[in-house]
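Numbering (numbering that gives the first Met the number 0), first residue to last: 0 to 307.
Simulated from the structure, these hints should not be mistaken for lab results.
Keep in mind that the hints are not guaranteed to be accurate.
[To be verified] Label-pair ranges, simulated between beta-carbon atoms:
id	residue 1	residue 2	range
1	Asp251	Gly59	38 to 48 Å
2	Asp170	Glu17	18 to 28 Å
3	Asp128	Lys29	19 to 29 Å
4	Gly59	Asn261	35 to 45 Å
5	Gln284	Val264	36 to 46 Å
6	Asp47	Ser185	23 to 33 Å
7	Asn5	Glu229	25 to 35 Å
8	Leu220	Asp273	24 to 34 Å
9	Asn261	Gly174	30 to 40 Å
10	Ser142	Ala224	22 to 32 Å
11	Asp47	Pro305	27 to 37 Å
12	Asp69	Ser241	23 to 33 Å
13	Pro195	Leu93	19 to 29 Å
All of these numbers come straight from a predicted model, not from anything done at the bench.
We put the beta carbon where it would ideally sit given N, CA and C, even for glycine.
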Amino acid sequence: MTEQPNYILKYTLQGHKEPISSVKFSPDGKSLASASADRMIKIWNALDGQYENTLVDHSGGISDIAWSSDSRYLCSASDDKTIKIWDVVTGEVLKTLKGHTNYVFCVNFNPQSSLIVSGSYDCHVRIWDVRVGQCLKVLPAHSDTVTAAHFNRDGTLIVSGSTDGLCRIWDTQSGQCLKTLVDENSQPVSFVKFSPNGKYILVGTMDSTLRLWDSQTGRSLKTYAGHVNEKYCIFSTFSVTSGKYVVSGSEDHCIYIWNLTNKEVAQKLEGHTDAVLAVSCHPTQNIIASGAHANDKTVKIWKHVPLN
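Sequences and hints are given; from them, build the entire structure.
Right, dumping it as structure tokens:
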């Protein structure tokens, strides 16, 4: 029997001057990166919230960031139409990836960290070679902004979502579309990602709904509701460090935690003063990070405290 989530606010991290667009814990669990419309990436200690560094080089706001598997590198997606690859230790830009013709909105490394996938307002998904910094494939993926793109656990598949209402699964190697997940009321897709085991896909839509899809059959299995998502692209994720939960930001300034299996809201975290756009779960500990919109501009770290 896993215990009920009991997350409490531990740290509020201030320093960004514009809305927080993305927060991500490093795979080694030591660092937390935050990105903002203020064109900056900030690195914090994941466990005590201490400020460590600021990465500055983009000439436009940043919409997303992602860590390499070894926690040494970050990639970032910006309104300046580029993706940058950073050495987090030195703070240097190693590569600037150019090719998207409009704002780059989402970015992720593959598990081997040899490839980057990106999505843009130009409706395309691009696959990039990290080592040489070149684009390998341009997928004419959607008919509107690509809001999320994510590799599965072995990197053979990519899932993309768009405000065109579609989610698509792609073969990384060939660039072929293998499956399109179709929901009868096809609302704009605000976020999508594979589950850690790759069997499921979590899809957030702008009718304030999260759905869990079977990635093999393309069937919708479970629905999570209670949060508000009608305006912004809001991150959601899986919490697997103690029981299985779904975690999401919300436009009502809260963070929602659902029991993955029974779909009930297990906890609602209050403390932000604007829409919570970004959430991330620590890889090994029961810790959640969140980032909020313009009236708040803070990153918060929440820790689970056992009730007994």
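Comparing the hints with the structure gives:
1. Asp251 with Gly59: 38 to 48 Å: 29 Å, violated
2. Asp170 with Glu17: 18 to 28 Å: This hint is violated: roughly 37 Å between Cβ atoms.
3. Asp128 with Lys29: 19 to 29 Å: 27 Å, holds
4. Gly59 with Asn261: 35 to 45 Å: About 42 Å separates the Cβ atoms of Gly59 and Asn261, which means 35 to 45 Å holds.
5. Gln284 with Val264: 36 to 46 Å: 22 Å, violated
6. Asp47 with Ser185: 23 to 33 Å: Taking Cβ atoms as reference, Asp47 and Ser185 lie about 44 Å apart, which means the hint is violated.
7. Asn5 with Glu229: 25 to 35 Å: Since the Cβ atoms of Asn5 and Glu229 sit about 29 Å apart, the hinted range of 25 to 35 Å holds.
8. Leu220 with Asp273: 24 to 34 Å: 32 Å, holds
9. Asn261 with Gly174: 30 to 40 Å: 38 Å, holds
10. Ser142 with Ala224: 22 to 32 Å: Given range 22 to 32 Å: holds, Cβ gap about 27 Å.
11. Asp47 with Pro305: 27 to 37 Å: 20 Å, violated
12. Asp69 with Ser241: 23 to 33 Å: 25 Å, holds
13. Pro195 with Leu93: 19 to 29 Å: Hint holds: Cβ distance 28 Å, inside 19 to 29 Å.
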